[in-house]
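One letter stands for each residue in the lines below.
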Amino acid sequence: MAIRALHTASSGMSALQTQVDVIANNLANVNTVGFKQDRANFADLLYQEVRRAGLRQPEGNTAPVGLSIGSGVKLDSIDKEFRQGGMRVTGNNFDMAIEGDGFFQILMFNGQTAYTRSGNLFRDKDGNLVTAGGLKLQPNITIPAEATGITVSEDGRISAIMPGQSNADEIGQIELARFVNPKGLQAIGDNLFLETDASGRAETGSPTTSSFGRIRHQALEESNVEVVKEMVDLISAQRAYEINANAIKSADEMMRVANNLRA
Amino acid sequence: MLHGIGVSCTGAHVEMARLENLANNLANLRTPGFRQDLLSFMQRPPASLAHDSGPDAQDHRHNLLDLQGGGVQLAQSRVDGRQGALETTGNELDFALEGRGYFMLEHARHGRVYSRAGAFTQDKDGFLISRDGQSFVLDHEGRRLNLRELGRALGVSGARLEVSEDGSLAVSGNGGAAQTGRRLGLAEFSEQDEARLSKLGHTLLMGQGARPAQSVRVKQGALEMSTSDATLLMAEMVNVSRAYEANMKLLKLQDQTLGELINNAGQQPA
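Same order as they appear, the protein sequences are chains A and B. At position 167 of the first sequence (counting the first as 1) the number is 167 in the working numbering, and the numbers step up by one without a gap. Position in the second sequence (first residue = 1) + 263 = the working numbering.
Keep in mind that the hints are not guaranteed to be accurate.
Pairs of lysine-lysine, DSBU-like flavour, derived with a Cα cap of 30 Å [unchecked claim]:
#1 A:K136 x A:K74
#2 B:K387 x A:K80
#3 B:K515 x A:K74
#4 A:K74 x B:K387
#5 B:K482 x B:K387
#6 A:K136 x B:K387
Footprint (simulated), chain B over chain A, 3 or more residues, beta carbon under 8 Å [to be verified]:
#7 15-27
#8 68-78
#9 165-177
#10 187-200
These are computed hints drawn from the structure, not numbers from a lab. Computed from a predicted structure; not experimentally measured. Even glycine gets a Cβ: it sits at the ideal position worked out from N, Cα and C.
The following block holds chain B by itself, in its conformation from the complex (with noise of 0.2 Å):
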């Protein structure tokens, strides 16, 4: 009975956590460029099991425990790789990617990082930089983009920044249009390694096995939406309180035959 009352407890506790990711997913319901975590939760080994997986614990299974099961836990968080909606902007410096990929950016202090959140702009010296400041925008070979530089060196003035769906980069201006020869840096990763990049917050990622998009397609004046499905988060978390409710009823109904056990039987009536 007690061990019941346990299983019931970590299906609440599972389901709590699964309204904490909703919130988030739900906060960042118009971040661009956010992709919202889904969990996943696999069956509890038996009690006795986890506590005893030497050699001889195939000898412990005739216990009743362990055809009870354990209960739930969760297993694991996984990014919805889903595309966004593109949103126009009409902003220069906006820009949005459409299919696997991400825009490589050199972060103050985690260095390397990606991000799908394309809304740039650039600093005082004319770098092409995130709108948090922490992180520069760089190109197909790691290096910083200067804008103003890019303008300067091909004789352009007052340029603008024309980005084509490849991520070439091309300035316009008074004196015409030239190709700088530049490409955005994209990156992908295979679906190994992209199921491993970890979160940092600020729509940025971070981990190992980055090579250059294949795939990848650059909006400019767009940007890519959060992948926050409103709908379906809503009925999840319908389905995530009575869930919940169910597991405190059936937590409740154990208390309750706990309690008529001790307080009732074997007593003499009277």
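In isolation and in its complexed conformation, chain A is listed as follows (with noise of 0.2 Å):
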């Protein structure tokens, strides 16, 4: 019988512990470039029904209410929250920023796409734009090492002055991809995304159409994890622990009583 409050609380201190470790996923990325908060949400389990409301009773009314005890608390989903993260001015000219839903389209080692939010991308030694980790981005754009001047419009065209040149050139367009739900995305690490069933089919375009969201230039995205909320979230789980371990040590002082009543 106390058993089942047991399983109960401990389903709550669990559910809560993976609380925490999100909230501490969060906090280490709050200085990530374009990284995305995790929420994590909760349900309730199953009832199990003493008695249904509505049921005739021996004396022949009905029971207006019914009688149901409910097992406790598990992790529904743990999520991104794809709000927009805020805008740092790096001057660097390999960063961008997207402001709107568009994500950056990065072709892995095999040759799959993966999509990020960060931007500080890099050059190459041949001069192709690549991620912290090396990774191109795609459509790839070549930057020639002797180009100066580089700017990035807001619909994404690169451009650059070539030597001997006094107007700036397009070299390149940045291609980006959005999603129908976002959340359904599977983050692999290393700021990646790739896409799932969940998530739908990536929609491909240019910056400034549709809500693909305007680029950058020479900016950051920054973390969108709010540190006051995350600590708020952190005190509220704590104690939420802290009470249901109390549910346990209750249960246990009961089970305890009984134990005790022929000695």
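Put the two chains together into one complex, using the hints given.
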């Protein structure tokens, strides 16, 4: 009997423990460019219906309310909040931030396309735009070694001034991808996401069209983790954990009493 | 004497059920849209009456047992209908309800269900669904809501949903904002029907007698927190422990007295 209270309270403890894990990960990524905050969602578990509402009672009347006892809580989902992060101007020529729903497309070593919000790009030895992990932007953009005065417009056109010329030439166009349900994307670390059945297929297009968003040159999108909110969540998760531990203690105490009846 | 032991047992039994219920309320301290269950108790009819409710039951009322009472039993569990605190999340697809009412959902297995938890998301086709992916969110006419189509029909690209307090849905995007003429499906129940709603878990409720909600307000970008009250639950937990202990003490006392009687009474003094 009290055994069930033990399981109920322990379901609370383990769900809250996971929430603390999620908060810890959010806080660890408070300075990660393009990071999107995770949120743990809870739902209650099944109910034992001791007596159903509306049943006829032996006395002939119907029970106005039933009698049901719940059996605890479980983690429903942990999903990303794709709210826009703040903009930090860096002055770096290969830093780009997206203001809107879009994702940069990245070609992985296995040929698959991954998606990211983090636009801190670099130039590899051949002049290709790559992520910090060396993965190429897709469609590939090559910036000639001798190019100067690189600019990226809001709609993703990259232009540079070549030696001996006074006007900037367009050398590439950034293409963004977007998803019906970005929460359904699979996070694989390194700020990268993969398409899944839940996210829907990637829809690609140029920045500033539809809701793909604008490109902000020489800026980075900061992590959208709000430290104060995480701290408040941490405090309440910890207290809720404590109080569930207390319920376990109570159940234990009651079983001890029952156990000592014949002592 | 044996009767008394049974009575103490019913007390302990009820306290145990109270603890189980408390543990569930506590476990759901952080579940959005959860409403705590409150258990109530009633006097158990004396044993002789419970077993014999025939026409001549009255004649047996002189029995001493009838005067002693039969202990206690669980009467009902009632959902605490108070408003939970609203927590702002800033998420486009989080909705909190203020006042009496429920979101209408269509569950894959259970059909029409109701919930106070408004943490929704959309599936790959653009349908507004619950987080577990099991239910579609319905509009005021019981139709599923497809956000992508709503935006497309109005020629708004990259539509964002905007929900006003009465649940009317508007989409806004690059092409401006437009009303969709549809509202979130919000239902309410008469007090009697509301008490009869059965909990399915996943903060879902099922039951009859739904009618369009009159007085409920929708807040976008917020969630209603659990109504479980930690302080109250903590105090009640202490109370439960002690009440259980007291019942057990009494049981023990009766056992001892009975033991005295059996072993010592009527024996010749040595």
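- Task: Starting from the hint list further up, note which numbers the structure goes against and sort them upward.
- Result: Of the numbered hints given earlier, those the structure breaks are 1, 3, 9, listed in rising order.
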